[in-house]
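A.B. asks: Here's the letter readout for the chains.
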Amino acid sequence: MTTLEKLNGIFRTVFDNEELNIGPETTANDVDGWDSISHVNLILAVEMGFKTRFSPDEIMAFRNVGDLVAALEERKAG
Amino acid sequence: MNATPEIIQGGQYNIGHICTRMQCDRGLGDKVAMRWLGAHGERADYTFGDLERQSSRFANVVGDLGVAPGEVFFIFLPKMPEVFFAFLGGLKARAITGTLFANFGEEALLDRLGDAGCKAILTRQSYLKKFQRIRDKLPTLKHILLVDAEKDLAPDVLSYPRLMAAASERFETALTPPETPSVLHYTSGSTGKPKGALHHHRSVLHQSRTAAEVLDLKPDDRYWCTADQGWVTGTSYGIIGPWSLGVTQLHFGGAYDAEKWFRLLQDERVSVWYTAPTALRMLMREDPALFGRFDLSGVRHIFSVGEPLNPEVISWGRKVLGHDIYDTWWQTETGGILITNRPGLEIRPGSMGRPLPWIEAAIVADDGTVLPDGEHGNLCLKPGWDSMFISYFHHEDVYRQKFRHGWYLTGDTAYRDADGYYWFQGRSDDVINTSGHLVSPFEVESALLEVAGIAEAGVIGASDDLLWEKVVAFVALRPGAAWGPELELKARIHVSNRVSTVATPQEFRVLENIPKTKSGKIMRRVLKARYTGGSVGDVSTLDFQDGANKEQP
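If you read the sequences in order, they're chains D and V.
So in my numbering, spot 62 of the first sequence is number 80, and the numbers just go up one at a time.
So in my numbering, spot 33 of the second sequence is number 18, and the numbers just go up one at a time.
Since the hints were made in silico from the structure, they are not lab data.
Errors might be hidden in some of the hints.
[To be verified] DEER-style ranges, computed between Cβ atoms:
hint, chain 1, residue 1, chain 2, residue 2, range
1, V, 343, D, 42, 29 to 39 Å
2, V, 29, D, 27, 28 to 38 Å
3, D, 92, V, 361, 40 to 50 Å
4, V, 467, D, 76, 28 to 38 Å
[As the list claims (entries may be wrong)] Derived, one-sided and incomplete: chain V residues facing chain D with beta-carbon distance under 10 Å:
hint, residue
5, -3
6, 63
7, 66
8, 88
9, 91
10, 95
11, 114
12, 115
13, 239
14, 241
15, 267
16, 481
17, 483
18, 489
Virtual Cβ for every residue (Gly too), placed ideally from N, Cα, C.
So that you can see chain D by itself, here it is in the shape it has in the complex:
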């Protein structure tokens, strides 16, 4: 399973949408219910799912799903 596929499963759980299909360019404006509060839910779920932690600066810098995937891939490589 790729990072994006695993991430997609987490998105579906967090946003309660089994039909959701995210891509690298996906932003909060493309997903129903993705606001500042559900963003916290999402980050917590991603941290739990990938057994990692993000710094506040990293979280602020995520502009789209691609940035999130890149940060997770970087951790995997490291």
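Use these hints to put chain V onto chain D, whose structure you have.
C.D. replies: Chain V only, in chain D's frame:
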């Protein structure tokens, strides 16, 4: 009551008509009513003539679907042009027209649509699953209209584009007397389900007057109200007030983004900006260098609504934006601004401002005595202003309880200083005001009880630097359940999706039992005292069973 102003012609009080056809009749048909700025950079201008045609089409759709005057129609969409067409069209057809915050979950939808007896709703395909889960519990709901379906998906799931294309763009709005029911917004209380605050078409008088006399809107203004149309600010001052005056509005479909917001203020030459304290506090946390990059010389006034504006924000506004920020106080039930700081009145930072000249406010004791200046009590208003709600829909008994000793009880507590300025102190009930949204602890507690492992829940609001109040949940677990990050996340996600993201607890505390009275009522004041370290007060009616109130590690 006010003398009938010029927006009322021939006894026509219909809000939809006044905001569209009447503006065309005034010669503003080609004037831009709305500049739409989408989240991805889309841009479209709609004139008052466009608003008239689109809303008339929708009024015809509403009639063709059999939604009769006085029946309820709702809009459940994020901010998009169709929201405005449908809102005005529904009102033209004299349907009771409600809007819903797009992040409501299915439980919140069920409470509101079920209570209202909603007959038709406008939404989009990605929200359909929420309705499918509750459809069998909504016997009155006959039609679901989808803005993004090219064809009908089922006999009761219809294509908005198809219906609009087939509808005439001509609609003669029936003469609408002032007492005709108009807009319905649900608002949360500390007990029971949310209640629908119903207004009437007369409310346009107050909304129009305050848009002119408080927001100081002028014919050439370019006005931006950041509120979502799911909340009352988004309809009273994001639709009705400004368009009743023929003022051009900007509407932005994207989320909070400091740089985009400031670019919009600059590039669109916004002259009057109405926003919220949480947004302003978020801006205060941005790199100060950001603000120097933008020219905001076109901005004349900035207003705020939602929760009290801290003096620090006003100081920041003066220093960084070069403007006073005027705090306005009102509620869903009041339908429009009543107590406010405003241009021409000295600002007392941290105060709510002073009542409008035609509004009588007072600080009243529980026994009905009007209290002298400086004493804390219930903030009350003398009923009779034009935008006052006319009922809690289907809950007349609860409505009547809001009036006592000849006053409307706002539920807020405050005091008045010697110069007539009012100072907010808190709520007299348990309703939580988080980033300007009222959240019912009852709704959150009910949702938490659906989470496997949680046996009891008590929810309170606690002071927060950014949100004004944050939602804090105390939970007691079922035997064998263990609290940890997984259960917390599950609880957060469940509340977000069942109720609303704004209702999501920001903090959890685990207790052995939730403190309750002997009759089983959750003692939220005890939870508040536990959270703040204050005194719990009289606990003689408490059922202190089995170590209730003992916190778990």
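A.B. asks: All hints are to be evaluated individually against the structure, with a verdict given for each.
C.D. replies: Quick rundown of the hints versus the structure:
Checked against the hint of 29 to 39 Å, the C-beta distance between residue 343/V and residue 42/D comes to roughly 56 Å, which is inconsistent with it. The given range of 28 to 38 Å is respected by residue 29/V and residue 27/D, whose C-beta atoms sit roughly 36 Å from each other. Evaluation of the 40 to 50 Å hint for residue 92/D and residue 361/V yields a failure: the beta carbon distance comes to about 55 Å. Range check, residue 467/V to residue 76/D: Cβ separation about 29 Å, and the 28 to 38 Å hint holds.
Against a cut-off of 10 Å between C-beta atoms, the interface hint on residue -3/V is violated, since the closest Cβ of chain D lies about 38 Å away. Nearest Cβ of chain D to the Cβ of residue 63/V: about 8 Å, under the 10 Å cut. The hint holds. Proximity of residue 66/V to chain D is violated relative to the hint, the smallest CB-CB distance being about 16 Å (cut-off 10 Å). Among the interface hints, the one on residue 88/V holds; its C-beta lies about 5 Å from the nearest C-beta in chain D, closer than the 10 Å criterion.
A least Cβ separation of about 9 Å between residue 91/V and chain D falls short of the 10 Å threshold, and the interface hint therefore holds. With a cut of 10 Å, the hint placing residue 95/V at the interface with chain D is violated, because the nearest CB-to-CB distance is about 15 Å. Hint status for residue 114/V relative to chain D: holds, with the closest Cβ pair at about 7 Å, below 10 Å. With 10 Å as the threshold, the beta carbon of residue 115/V comes within range of chain D, its nearest partner Cβ sitting at about 9 Å, so the hint holds.
Using the Cβ-Cβ criterion of 10 Å, the hint placing residue 239/V at the interface with chain D is satisfied: the shortest such distance is roughly 6 Å. Taking 10 Å as the C-beta contact cut-off toward chain D, the hint placing residue 241/V at the interface holds, the least distance being around 7 Å. Look at residue 267/V: its Cβ gets to within about 9 Å of chain D, closer than 10 Å, so that hint holds up. A distance limit of 10 Å between C-beta atoms decides the matter here; for residue 481/V the minimum to chain D is near 5 Å, and the interface restraint holds.
The beta carbon of residue 483/V comes within 9 Å of a beta carbon in chain D, closer than 10 Å, and the hint placing it at the interface holds. For residue 489/V, the suggested interface contact is upheld, since its CB lies about 5 Å from the closest CB of chain D, less than 10 Å.
Hint check: violations occur at hints 1, 3, 5, 7, 10; the rest are consistent with the structure.
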